[in-house]
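**Student:** Here the protein sequences come in this chain order: D and P. Those letters in the first sequence? Residues 1 to 122, per the numbering used here, in order. Those letters in the second sequence? Residues 123 to 869, per the numbering used here, in order.
Since the hints were made in silico from the structure, they are not lab data. Just to be clear, a hint being listed does not mean it is correct.
[Unchecked claim] To give an idea of the interface, some chain P residues facing chain D are shown, with a C-beta separation under 7 Å as derived from the structure:
1. 387
2. 388
3. 389
4. 688
5. 756
Keep in mind it's a predicted model, so treat the numbers as computed, not measured. Where a beta carbon is used, it is the ideal one built from N, C-alpha and C, also for glycine.
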Amino acid sequence: MTALPSESVGGEEHLRIDSRTAPDRIVIALHGELDLLGAPLLQQEIEQADVDSRGILVLDLQGLEFVDSAGLRVILAAHEHARQHGREFALTKGSEQVRRLLSIAGVDDHLRVIDAPDDVLV
Amino acid sequence: MPEQAAPEREPATSVHPGGDVAMALLLEAGAVLASSLDPSTTMGQVAELTVPRLADLCVIDLLDEDDGIHDVAVAASRPGLAEELERLRLEHPLRRDGEHPVAQVIRSGEPMLLSRMDNALLMSFAQGSRHARFMISHNYRSAMVAPLVARGRTLGALSALRLGDGTPFEQKDLGLATEIAHRAALAIDNARLYSDVQRAERRLQAVLGNLAEAITVIDSSGRTVFANQAAAELLQVPDPQALLDATPGETMARFVVLDEHGRELDLHAMPGRRLFAGESAEPLLVRNIVRSSGEERWIVVRSSPVLDPDSGEMLYVVNVFENITEVKRVQLAESFMSEASRVLVSSLDYGDTLQRVARLAVPTIASWCAVDVLGEHGEIERVAVHHSDPEMVALAQRLSRDYSLSLDEPLGVPEVIRSGEARVYTDIDVDALARYARDDRHLQLLAAIGATAVIIVPMIGADRITGAITLVSSGLDRRLSAEDLPLAERLARRSGTAIENARLYTERSRIAHTLQQALLPGSLPTVPGAEVSARYRAAGELNEVGGDFYDAFQAEDGAWMLVIGDVCGKGSRAAGVTALARHTLRAAALSELAPREMLLMLHRALQAQPADADLCTVCVVRLQENRVTVALAGHPQPLLIDRDGKSRPLGRPGTLLGALDPVDIHEAGEKIAPGQTLLLYTDGVPEARQGNLLLGEDGLCRLAGAAPALSLDGLLDHIEQGALAHAGGNLRDDLALLALRLTEESQ
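Pulled out of the complex, with its shape left as it was, chain P reads as follows (with noise of 0.2 Å):
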């Protein structure tokens, strides 16, 4: 209330105020209930429209929250009446349970008219002597009391005097009273629910403000109008104020935005554009690099919608932000080292498992990832470069072609493989680069490769340095820092195993191979009247000397021997058992020893052997004119395969050499006509498989099906096809054939 004592006004008018009055007291009441939220003030200006056009003296009086009775608003047409009141009210306040009549309308909530006042009227509700005296000098003469209800509740009452000799109120009056009051409540209580959720709202932001989680709030043009001190520390700006003032897409720009499997996405793909967009928005996880420092971020954005309870609009949507970096980028590191471990020990050839190593790094660790080994005469090596733009690969390619490294360069990979260190270059310049280039057009092609940062690490094997691997980022990719440097670590040592294991390897099969061929017949024989023809193949990774061999021969007595037979055993030793194999059998069969004779001599030599459990299977096939005499120690019958493709086995089982003792050996004959065909085999052909599936017998026997139609190279090389077209191209065996057919002109 203003302090200066307020102009004398004219008394209230003494005619009723007519219909625009009421009309016009209306409009201005509505508009200045509409003006502000502030209850003190617009009921001030409320008393204040009312007098002198409806009343002397209005007050307004409000229920407070202890359910006492206080004056809000006083206006008064007489100077100081208003003042005089106030503090009249504060040393006799009202009580709720009084007989004033604003306690009355308040406890009531219906208005009241007291349209002509005698003194012993006001002297019945009066709060004291003072406030008797104070009714009866100012001439209080005719009142109303209106309620203020809001939501069926009363908050409080406006009351309406006429001073002196005006015209008493009457019931139209006490109307637009009560139609003021009824507006008056109306305000109160949205200033009030107002203050309320102002309240929640500051409550609601000191929570969300220190939530750990970073959170915004979008609407559905897409500007911020909440977001948390963690949401401006993850979005990389000084406060949430700068995030409410970005336009849409603004803040999101700063950022390289990828899904898990690094393709890029857009403001669209965000869960909380999709839930505006009407569709349903899943978590996503997203991989984040900040564009101007290169750092990788991966993040967890949540969306859920806020509906409008009554529409069912959507509003806003809340995007909450989990920074899972950490825990992703050790997962990240735990996955790729066991996938490259996985490839690793997948082949033995270092030059093809390191190309896909240096693949498996792109993009999931670096850019760019190059594979050097030193070699044998301290060469350095490029075996493998990958980067995802195959133009790219090729401008590495050129680079690392015309720029070969020596391993006496100051810098860089050489000094790496000399000394063993890692090394972790950030911050690269042209300055950098300029320094380690040879010439211009080496800075050239290094300025392309467009590196950010760069990690060197070497790898070691059992006894010395192989090489090294080198780790680039470049462009928008996020960038490499030393924290990359334990998995690079990881990776060289794993690699460095690998290559220490592929060289033995390749040195051990050379070896292996070289022996091999020795255990072989160079030629096969030339049998008048007949076709021989052999096979053999060596299981592929894994390959071990020794396995499968085969021989063919003239007996000292002009019979053909076939010979075919399986040693399993490793290495050397096994290598000693095939030859003793062949040797033994040859030996035998010179002294015109019959097959199952020459598979008892056999056993006999390896039982001699000190070492024990080196198995043996074989099949002797002796042939005589067109007679055949099979003997088998373990090993699969032979196939005769006629004429018309039909194939049946021959011979009995017996036992294989070497393990067990007595053996069983048995002979069996037959008679092979021209157009025949013989078919010794190993195991390593029925047992071509991929997954569970065998070739199995019937398989090698649908293959042979084929005779008729093919030469006896023909058929060899169909089986042996065939066997492998099963593996998958992959043979876990050695396979091994050996074949005779009589022709047709020895009839």
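Just chain D, with the same shape it has in the complex (with noise of 0.2 Å):
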């Protein structure tokens, strides 16, 4: 027996969304593709993060093989909520596509990036 397919747009996942809370942060990973399609659920995922902790949050996006423009929109709101409200954002590195968007977009530099999701921030 085949169990009904979600009938969100697009039918097949291709953005996984996990999150974890640890004592002091809140990692959300990401993996397959942030796009139109899946900015909205991280957005709904951030907004959730928000309600539940005031530590630090952490995007993983070690298992993310693709962002676009709209996900970069979501990464960046993210990082613009947290620094109005006074809370730490990092982020980990993505694939090769993700690294030289986040470059050309120039916001690599404005951003904290860290090894590992667990990472203490420096």
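Can you join these two chains into the complex? Each is in its own frame, and there are hints to help.
**Tutor:** The following block contains the structure:
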């Protein structure tokens, strides 16, 4: 018996989001593709995390293969939101394409990049 | 034993039976024993055969299950003797452990010859005084007792006696008696085995007969040799006997038998037949339609062989039929709906989408599927119709073209659209069609459709009825029934939503397109000594207004400005940002600001916007004579393509605008020579992709390598088509190109 797939646009899962809470932070790990379809899902997840905790917000991009400008917009919105609320924000490096897009957008200097999601922020 | 007294027979022959008599006796005994499997009959006949040719009295005793000995046959030459002996035996049964020769022989399994018996001997094994008197009075003289032995077991004994003055038995008589006894023993053994088998068979029949699974047993000729009640019910005959009476293939002919994919199966594809043909036989899932009623069933047929234990030859095949219709229906409905849902969200072109839904419904759900949509002005438009036979599709198209529906008709699709109520029509006959038909030709076309049942369900959008889906079963296909209504209604609900979405989308993309056009320059300026060209292609589905923009204009100081950018945002707000970006940059250029200051001005303008996180990436190139100045804000570097096709990026990366503060923007200068091409692009080009495979900057440079052979327009077409091809025809993001090439004459 096949399960009914979700009736969301696109049908297939191309962005997977796993959130976990550590004592000092919330880590939101992204896998797959963060684009126009996935961006609202991440937005939702970040809003949820904001309600839950006041610790560091880490976006773990190690499993992220692709990001486009819509995805970037959500990442930057999260960064801006954290800044305004005095909350620390960091991300890990994604795929070549993700790193390249962040570099072209000229935002890599503005964002705190850590090697692993649980690394201490220095 | 016959009740009437047997006629007096000749006394047992006074000479020993010769070879001919012995042979005749054995042959006759063989024939008698083979004629019946009932031991009491055959034993009686064997006893009769020996009298008088071999003996005056013959008794056959058998051991019963409790080790008791009882006579099963007595034959005697003197009338009344047999009956008298039987009465005596009833009153004085032989004991297995007794001294009677029969008991002794049964115990030892060895034949015994008592050639001459005197009274003392007779007295020694008499069961009592009456028995002794009986033997003496009847002149027991000579006796032989042969054991009935089969498969090493002694079943009883055959006794032959001569009375009075007859010739005593000799050793060779004993040989004959032993031979007859041996044959009788085999016959008894066979009969017992047979009755055991019969008992086992009756038990098996009772078990099989009451099983819920339908079971048939087929022999190698294809005949059914066993069927249970469940099989009779499944195969729709009155009783199992009807299956046994049917000729091979006769039962199957009453059904349309299809495999899972709708291909018709013949008898030889059935696992039982495959087994007999020496092939392997996996369980087979069969879709079975009863020809007479159109009822559809899903049946799993499993077959296993019954082999002859000795020869290994295949004697029978046992077929077990499992009716899984209920399970399969639910499963099919779910997989159909999930497939339909997938199809319905995969495109926003509703005509195309519904056409695909119609195709999906055939033949899984119905023989025909048609979709009618209610237009804005109350017109009913048939947007999709499907049947597995293209000729039938053509027929249906003719029908809907020549007899188009109007909303006020009393029956069918118009009535369902008006009322919003589903309708199920079963048992469609000529009269029903005639009532519906508008004229003879209409009736002819309707009849050619061959409908057996019709379901019409309304498609309901957010707040109104958007149309109707018609499902038709025809010919020998599975007949639709009220049971199919829930699935049809689910399909209609889902389709209704899809139509609504498609309508909204069409409307929105019309607005988006109009806006987008307004945001792009109507025409590019003529730049002396240079060619300028641009391309813009909106992503196919999920198009959002906003996105990419470009502009080319002359600044106040006479320099030429090339601008390309990408606004990320949605809908009208993004359109607003795009407009803001273009006009701010133009205004900045008019104020003779350098590219970097132009971008900083736009950044401040964006930050002044109330909404947060409207991103904008921009590349500005200022061209004065043969010198270009490049400033980048979060945008890919433009390419300078040499006359030999080699290209390199210009400018230094800077921060995108509107989101982060402060931004970091740099200017970089470069000389440009005649024949060189300056190419500005948006990230839709390098990010054209299929799966994870991006075109990338490398891919773009490769495409740009064709520049020497191409005009500027040709080059942009080449790059645009290359990116599109790389994306498999399906761009996910907008794509914009703006290029300038210094002409050779300008030197």
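**Student:** Run every hint past the structure and note whether it holds.
**Tutor:** Verification of the hints:
{"no.": "1", "hint": "387", "result": "violated, 25 Å"}
{"no.": "2", "hint": "388", "result": "violated, 31 Å"}
{"no.": "3", "hint": "389", "result": "violated, 32 Å"}
{"no.": "4", "hint": "688", "result": "holds, 6 Å"}
{"no.": "5", "hint": "756", "result": "holds, 4 Å"}
The structure shown violates the earlier hints numbered 1, 2 and 3.
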